[in-house]
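A.B. asks: Kindly produce the complete structure, drawing on both the sequences and the hints.
Quick mapping for you: the protein sequence lines, in order, are chains A and B. Mapped onto numbering that gives the first Met the number 0, the consecutive letters of the first sequence carry residue numbers 0 to 306. Mapped onto numbering that gives the first Met the number 0, the consecutive letters of the second sequence carry residue numbers 0 to 328.
Worth flagging that the hints you see were computed from the coordinates, not collected in a lab. Keep in mind that a hint or two might mislead.
[Unchecked claim] Using C-beta positions, here's what the derived DEER-type ranges look like:
1. B:D259 to A:A1: 53 to 61 Å
2. B:G5 to A:L136: 50 to 58 Å
3. A:L136 to B:D20: 16 to 24 Å
4. A:V139 to B:G5: 54 to 62 Å
5. A:T11 to B:V261: 56 to 64 Å
6. B:A274 to A:A1: 51 to 59 Å
[Said to hold, decoys possible] Interface residues of chain B toward chain A, partial, derived using beta-carbon atoms under 8 Å:
7. R89
8. Q93
9. D101
10. T104
11. A119
12. Y154
[Unchecked claim] Some chain B residues judged to face chain A by a derived CB distance under 10 Å, without partners named:
13. L58
14. M87
15. I95
16. V98
17. V109
18. T111
19. V170
Fair warning: this is a prediction, and the values are worked out from it, not measured in the lab. Heads up, the beta-carbon is just placed ideally off N, CA and C, and yes, glycines get one too.
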Amino acid sequence: MARYVARRLAWTVVVLWAIATLTFAATFLSPVDPAKSFAGLRATHHQIQVVRHQFGLDRPVYVQYERYLGRVIRGDLGTSYEYSTSVGQMVMTALPKTAVLGFSGLLVELVIGLPLGLLAGLHRGRLADRVVLVGSLLGVVIPSFVLGFVLLYLLAFKLGWFPLGGSDSFSALVLPAITLGIAGGAWYARMLRSTVLNIVGEDYVRLARAKGLPERVVIGRHVLRNAVSPIITMIALDLGVFLGGVLVIERVFAWPGIGLQAWEALEFNDIPVVMGTVLIAATFIVLLNLMADVVNAIIDPRVRYSR
Amino acid sequence: MTRETGPALSVTDLETAFATDRGSAHAVRGISFSVQPGETLGLVGESGSGKSVTALSILRLLPPNGRIVGGAIAIAGLDLLSLSQKAMRRIRGQRIGMVFQDSMTSLNPVLTVGRQITEALEAHRRMTHGDARRRAAELLEEVGVPEPARRLSQYPHQLSGGLRQRVAVAVALAPGPEVLLADEPTTALDVTIQAQLLELLKREQESREMAVVLITHDLGVVAGMADRVAVMYAGRIVEHAATRRLFTVPRHPYTLGLLDAVPRLDGPLRQRLAAIPGAPPPISEVPSGCPFHPRCPFAFERCEADEPELKETAERHAAACWAEVREPV
Chain A
0 MARYVARRLA
10 WTVVVLWAIA
20 TLTFAATFLS
30 PVDPAKSFAG
40 LRATHHQIQV
50 VRHQFGLDRP
60 VYVQYERYLG
70 RVIRGDLGTS
80 YEYSTSVGQM
90 VMTALPKTAV
100 LGFSGLLVEL
110 VIGLPLGLLA
120 GLHRGRLADR
130 VVLVGSLLGV
140 VIPSFVLGFV
150 LLYLLAFKLG
160 WFPLGGSDSF
170 SALVLPAITL
180 GIAGGAWYAR
190 MLRSTVLNIV
200 GEDYVRLARA
210 KGLPERVVIG
220 RHVLRNAVSP
230 IITMIALDLG
240 VFLGGVLVIE
250 RVFAWPGIGL
260 QAWEALEFND
270 IPVVMGTVLI
280 AATFIVLLNL
290 MADVVNAIID
300 PRVRYSR
Chain B
0 MTRETGPALS
10 VTDLETAFAT
20 DRGSAHAVRG
30 ISFSVQPGET
40 LGLVGESGSG
50 KSVTALSILR
60 LLPPNGRIVG
70 GAIAIAGLDL
80 LSLSQKAMRR
90 IRGQRIGMVF
100 QDSMTSLNPV
110 LTVGRQITEA
120 LEAHRRMTHG
130 DARRRAAELL
140 EEVGVPEPAR
150 RLSQYPHQLS
160 GGLRQRVAVA
170 VALAPGPEVL
180 LADEPTTALD
190 VTIQAQLLEL
200 LKREQESREM
210 AVVLITHDLG
220 VVAGMADRVA
230 VMYAGRIVEH
240 AATRRLFTVP
250 RHPYTLGLLD
260 AVPRLDGPLR
270 QRLAAIPGAP
280 PPISEVPSGC
290 PFHPRCPFAF
300 ERCEADEPEL
310 KETAERHAAA
320 CWAEVREPV
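C.D. replies: Shown next, in the form of structure tokens:
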């Protein structure tokens, strides 16, 4: 087990390094000259040169790369061109907001998706199954910005039950969390349904019944335990994506998380903020993936012994 | 129908059908047999002949689209088909044990070996977990798994195929059933391991006085194990006799074909094994008349029109065939 975790951890470091490098390389693809951006529209040629030298942008690429990596390792994500404040600080202010929204969205996903998926999987072809299949299809195909605007219009604007945006109260959280959770919940329901369908046909489930175990033990111990792995993986992926900022939903609901921040930074060509957000988001995805792998190895012994 | 003093398991005119897209298909079409305590019945046939469906019918564990549409199943005289689900659950495991073909798929990959045995014990008996674990270790020892205490906390994939199948036997034996259904218990194993497992089954059967239904496609397995053999084809029993008799004087052309397909030690070297031409019919397209007639070397007009009944002749030897079996010309 320890060896498995160590090996996965080593790979995680490699992946993080690759992400940092890609992010670094991406800035060279941008047509925006960072020195010009930072110095401002009215800066003279000389001023721009001073800024360029100050940031080390006149040094060879490998020196810049080395410095960049050094900074990132120390947790320094650079300075925003637009606000002249540290990107790390900006991200840290916005991240808790995104985390609240992300976890709430995940909760909604699980509350909707897991019971429905299990219900459908255990009653294949019956009415409940069909309702879940059609309902989840709707949940998956409706774009979240459409759903968000519809909810906002009906429940916030027309009925006034919820605020129109912001993040000041619990009631402001409800609509964005539901919007975020519905599409995901629909995916969970469909995924769990097909997983359960596969497992229910397995010989070990038949044997569990042939042992005379009560149905709740057959489902709980034999079916669900085998269905957990893909769910854990999906939760980790979702959480990684959510913590990287849910751009569309934060924008629709004016939720001041890192997604909204990155959106605005893109509009202003504020490269360091975009880079910082991408790096943070990618790091979350990678770390949560690592967590999912470790948890799966704990649940499913085949994972931990096979490699 | 056989009437004997208290068979452990009796199946009478069992009919099992599956709902398919093209209507209902009969996988088992009226079969009867009974097994005495301490006796082994070999249920032989190609895949799709209805052997496994018979076993699942006895346990009432058919897939959702399957249904028992007729007949009776009884354990020591107790009618299983009239029992409630709850009462049936007490029968499963406790009175009827089951061993599946492939322990790679029939043991749960995420539960330890010990857990899978103890849960079979605890489902039927009030016992502390400690007692159940001790009993599980004894059972592993009994079925010939070395280092039972250590094996208890291992997972199925850490065991060899042979050991896994021994564990599967221990699972089935744990609650002390009076009837054991073994569905191709050795098919997934190497030949040497096969022989060891069969020996184990035989020993356990003798010491426990169990009635065993041994389901297999392999007449070789049946030869050493079964007291009587029932040969199934297209959902019917086509021949039923004491093992020795069936091997020496087979009466149904299908049995004859199966026997010709078994390699013999005393046969000439490099002799090609005879195969029965064609394939068994899918359950949705059982031919008219005798279902075997399209593949039968002896078939004549009547075989296409009427389905022969299983007729018992001398020495409790029954066959369902219109022809007197002769050597093929």
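A.B. asks: Would you settle whether the hint for L58 (chain B) is holds or violated, based on the nearest Cβ-Cβ distance to chain A being less than 10 Å?
C.D. replies: It holds, given that the least Cβ distance between L58 (chain B) and chain A is near 6 Å, below 10 Å.
A.B. asks: Would you say the C-beta atoms of A274 (chain B) and A1 (chain A) sit inside 51 to 59 Å of each other?
C.D. replies: Since the Cβ atoms of A274 (chain B) and A1 (chain A) sit about 55 Å apart, the hinted range of 51 to 59 Å holds.
A.B. asks: May I ask you to test the hint 54 to 62 Å on the CB atoms belonging to V139 (chain A) and G5 (chain B)?
C.D. replies: 59 Å, holds
A.B. asks: Going by Cβ atoms only, is Y154 (chain B) closer than 8 Å to chain A?
C.D. replies: The hint holds - Y154 (chain B) has a Cβ within 8 Å of chain A, the shortest such distance being about 4 Å.
A.B. asks: Can the hint on V98 (chain B) be confirmed by a CB-to-CB distance to chain A that is less than 10 Å?
C.D. replies: 9 Å, holds
A.B. asks: Let's test the interface hint: is any C-beta of chain A closer than 8 Å to that of Q93 (chain B)?
C.D. replies: 6 Å, holds
A.B. asks: Between G5 (chain B) and L136 (chain A), does the C-beta distance stay in 50 to 58 Å?
C.D. replies: 57 Å, holds
A.B. asks: Using the nearest Cβ pair, does A119 (chain B) come within less than 8 Å of chain A?
C.D. replies: 4 Å, holds
A.B. asks: Within 16 to 24 Å or not, the Cβ separation of L136 (chain A) and D20 (chain B)?
C.D. replies: 23 Å, holds
A.B. asks: Does 56 to 64 Å hold as the CB distance between T11 (chain A) and V261 (chain B), or does it fail?
C.D. replies: 57 Å, holds
A.B. asks: Restraint: I95 (chain B) near chain A, CB-CB cut 10 Å. Satisfied or not?
C.D. replies: 8 Å, holds
A.B. asks: Can you let me know if the beta-carbon spacing of D259 (chain B) and A1 (chain A) is within 53 to 61 Å?
C.D. replies: 59 Å, holds
In summary, the structure agrees with every hint in the numbered list given earlier.
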